[in-house]
Every structure is written in C-alpha cells, then in structure tokens.
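Required output: the full structure, derived from the provided sequences and hints.
Chains A and B, in that order, give the protein sequences.
The numbering used here puts the first residue of the first sequence at 1, with every later residue one more than the last.
The numbering used here puts the first residue of the second sequence at 1, with every later residue one more than the last.
Read the hints as simulated data drawn from the structure, not as lab findings.
Source: prediction; values computed, not measured.
Hints may be right or wrong, so weigh each one.
Because identical chains cannot be distinguished in the list, a pair is counted as satisfied if it fits within a single copy or across any two copies.
In silico BS3-like pairs for lysine-lysine, Cα to Cα no more than 25 Å straight-line [stated by the list, open to error]:
#, residue 1, residue 2
1, K227, K57
2, K53, K164
3, K70, K57
4, K164, K57
5, K274, K183
6, K70, K38
Number of protein chains: 2
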Amino acid sequence: MSISRRDCLLGFGALLAGGAVSSIVDGGAKIVHAATPKRFEQVNGEFGWKPHKLDPKECAQVAYEGYWYKGYACGYGCFYSIIGVLGEKYGAPYNQFPFTMLEANKGGISDWGTICGALYGAAAAFALFWGRDERTPMVNELYRWYETTKLPIYNPGELAQGVKGEIPGNISNSVLCHISVSKWCHEHNIEATDKKRNERCGRLTADVSQKAVEIFNRKIEQGSNFKTAFPVQESVEYCGSCHQTQGTDSNWAKGVMDCTPCHSGSEATQNMFKNHP
Amino acid sequence: MSISRRDCLLGFGALLAGGAVSSIVDGGAKIVHAATPKRFEQVNGEFGWKPHKLDPKECAQVAYEGYWYKGYACGYGCFYSIIGVLGEKYGAPYNQFPFTMLEANKGGISDWGTICGALYGAAAAFALFWGRDERTPMVNELYRWYETTKLPIYNPGELAQGVKGEIPGNISNSVLCHISVSKWCHEHNIEATDKKRNERCGRLTADVSQKAVEIFNRKIEQGSNFKTAFPVQESVEYCGSCHQTQGTDSNWAKGVMDCTPCHSGSEATQNMFKNHP
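Structure follows, in structure tokens:
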C-alpha cells in the first residue's frame, strides 16, 4: 500500500468538496476539520453519487435482516439494503453514511404512523443519485405499486427472525404506516403488538427493497427515458380535476396519495367521538 | 500546518470506523476505499455524532434560506439548518453529509403529501445523535407543538424570497403535509399553487427549525432527564384505550398522530365520490 502525504490531502480534498483542510484535530477520536465551506456547498456535489446495479433478491434479504438488526426496523432496513450494500461492494462514499439516522423512520417516524419507513428509505436512497425531476417517476412507481399490491410477498423461510411460515397479506391503498398496518391488523384480526405484525413489516421491508432495486436498476439502464408504468390513481385524477387545478377556487389539495382511504365515507372515518359503531 | 502520514491514516481510520484503508483510488476525483466492513458496521458508531448547542434564531433564518435554495424546500431547509450549520461551525462529520438527500421530502416526499418535510428534517437530524428511547420525547415535543400551533410565525421581513409582508396562519392538527397545507389553503382561500403557499411553507420551515433547535439545546442540557411538555393528545388517549391496548381484539391502530382530522366525521371525510357536498 502506498499513500503519500499529497495523495492523502487530495483524498480529503475530494471528501470535502474541494474545501481546504485546515487542521487535523486530536481529541479522543481524530476528526478532520475543513475550512468553513460556503453555505449549502456539498461533498461530492448535489445528487452526486454514482449508482451501480444491485441484485434485488440479495437486497431484499439484507433489508429483512436490517429490519431486525437491533430493532432498527423498516427505514433502516430498506435504506441499508441499497446504500449499505453499495458500501459493502464499493466502499466510499456509500459506506460513510450514518445509517442509523434512518431508524427515525421506525413506526412511521418515532411511532407517529406517517410514511411507511421502508418507502422513505427507498426514496431517500434514490435522492442520493437523482434530483427531483429524475426521481419523482421512480418514487411514483414504487409508491403506487405499494398502494395496490397485496403485501407481504417475501418469505424468509428458515431465516425468519420473528415468526416462521405464512403471513397473510393485504392491499393497503395507502403509503401511510398507520393505514397500512391498521388495515392489515383489522382484516386479519391480529393485534398491532403481535410478533406476527413485526414479521409482516419485516417481510414488507424486503418487498419494498426488492421493488426499489428493480426500479433503481431500470433507472440506471434507461436514464431520463425512465417512465412509471402506473397511471395516476383514479381518485387523484377525479378529485384533482378541481382540487389540484390552477385557477379553480378549490385548488387546495396538496399530495398524490390515493384519496379513498380518508375521503370515501368509510366506516373508519365516521365520527368516532360521538357515534362510535 | 503539520500533517504526518500517520495522522492522515488515523484521520481516515476515524472516518471509516476503524476499518482498514485498503487503497486510495485515482479515478477523476480521488475517493477513499475501505476494506469491506462488517454488515451494519457504521462510521463514527451508531447515533455517534456529538451535539453542540446552536442559536435557534440563526438556524431559523438558515432554514428559510435553505427552503428557497434551488427549490430544495422544507426537508432540506430544516435539516441543513441544524446539521449544515454544525458543519459550518465544526467541520466533519457534519459537513460530510449529502444534504440534497433531504430534497426527497419536498411536498411530503416527492409531492405525495405525507409527513411535513420540515418535521422529518428535524427528526432525522435528532437521529444522528440519539437513539430511539432518547429521541422519541424530542420528536413528540416537536410534532405535538406543530399539531397545535398557529403557523407560520416567522417573518423574514425584507429578506422574504417569495412574498413580503404578513402571511396568515392556521392550526393544522396534523403533521401530514396534505392536511397541513390543504387546510391552510381552504381556510384562507389561497390556491396551493400560489406563491403565498410557498412562502407559508418557507416560513413554517423556519418555525420548525427554531423549535427543533430549542429542543436540541434543551436535550443537550438535560440529557436523559429531557421530558416532553405536551401530554398525549386527548383523541389518541380516547381511541388508544381500545385500539392501542394489548389484549383487546381491536388493538390494531398504529400511530400517535391526532386522530381527529380523519376520524371525527368532518365534512372532508364524507363520501366525496358519491355524495359530494
């Protein structure tokens, strides 16, 4: 191995987006300090990472394993299965990421039940490589697939870490953790605190990873020709004709989630505080 | 400036979580490659970054500026206002983060209207320093404040980048972008595509940043004694007495978002596909 002092500095230079290295500070662990960079300047450039094709089946397995690793769950599992696996194969910058940040997504962000963590993990991974215009069709493809697909599909067999055997599936019509999980529990009469529910979410993390990596690979192949195969949801088209159309006085609806779970007058959205069924 | 080859290697060693540096590859930009790490191993350790107190007012201004920077919006603005500002002041590891990843959160993740991006940016920033048990009360504090506070409050004055002057506020009762934005537009009869709506979200990003940094500073002061000042929402307590209680056959509701926006039988949640008002 041959590393000169100059190579070293050039190496740091690249990591620090060309910022001058001002000192190496010794305080317990050694940390590299750069000269104060210009505001919003970014190491490796914006959306500047280089994508490499991955094996969707391999990533699905890592996602499942990541879900269970110290209970870091869906966001961590799915994100690590893409960026972590790239790090295992290609080193930096992928393996420099502070992966446990994605544990924030557990339970739809600290148990708040918002976005399914696996779906966020995938969108965030995409965003390391592609800016908004390139990325939105990828996210749309993944999220519409999730809304309309009976999940989970993945079965870890003997490697199951929660519950072995078959786990029932459902179509959630929603990318939100609260709706996705609660509908599944309600349909199958399984408590949200049951180990089977964890197992369901672990397997679903693998499913989202596999689909996300298929999209990732296709994007690498097709570049800016990548188009989503899923049309806009019927409900979004119907509601959007007024609520998302410029110039109408009801153009107030932000978002492209399927509208039906909350706006179809279902039993769940009646007044539960006065007329509970 | 004095950097020895040994210091250099030790510096890299710290960045690479003790992983052996195997080579410095020269391919255009210089990139440091580490030996393949053990799966799930992480640079600087899990939740391993060191927090430093920040000035909430300064961060709020950076968050607003970040919201408008190339249109990277709420998630980017809020996250940069904490981690980017730490990078400006303290260098690595903060300034090594690929900040534009957070642009994924624009419009509630690629316009899907799920979690408010500013709120995700703050939760993700917290997660670089604290694991789940330590972090959840911080997220709860911020998210409950957001649900119940009339926003935006921040006024950039002459530095406004969208629309100058007063912007009306509202209480959203929701951490979801779709509900937060759409209620505001509906209440004030402002189109979602109006520049005033962008301005509202830019200012709200500053508000979330300021509150998040106050929480961040308080956490640094109080350590594991940090407690949230907000009780559980009445609706979550009421509904949770069955739907989040182990041993009941209706223990299916995951999530601690305020239940009322979707489960109070409001006009918005009637059947809009058959009996549209």
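Against the earlier hints, flag every one the structure doesn't satisfy and list their numbers going up. 2
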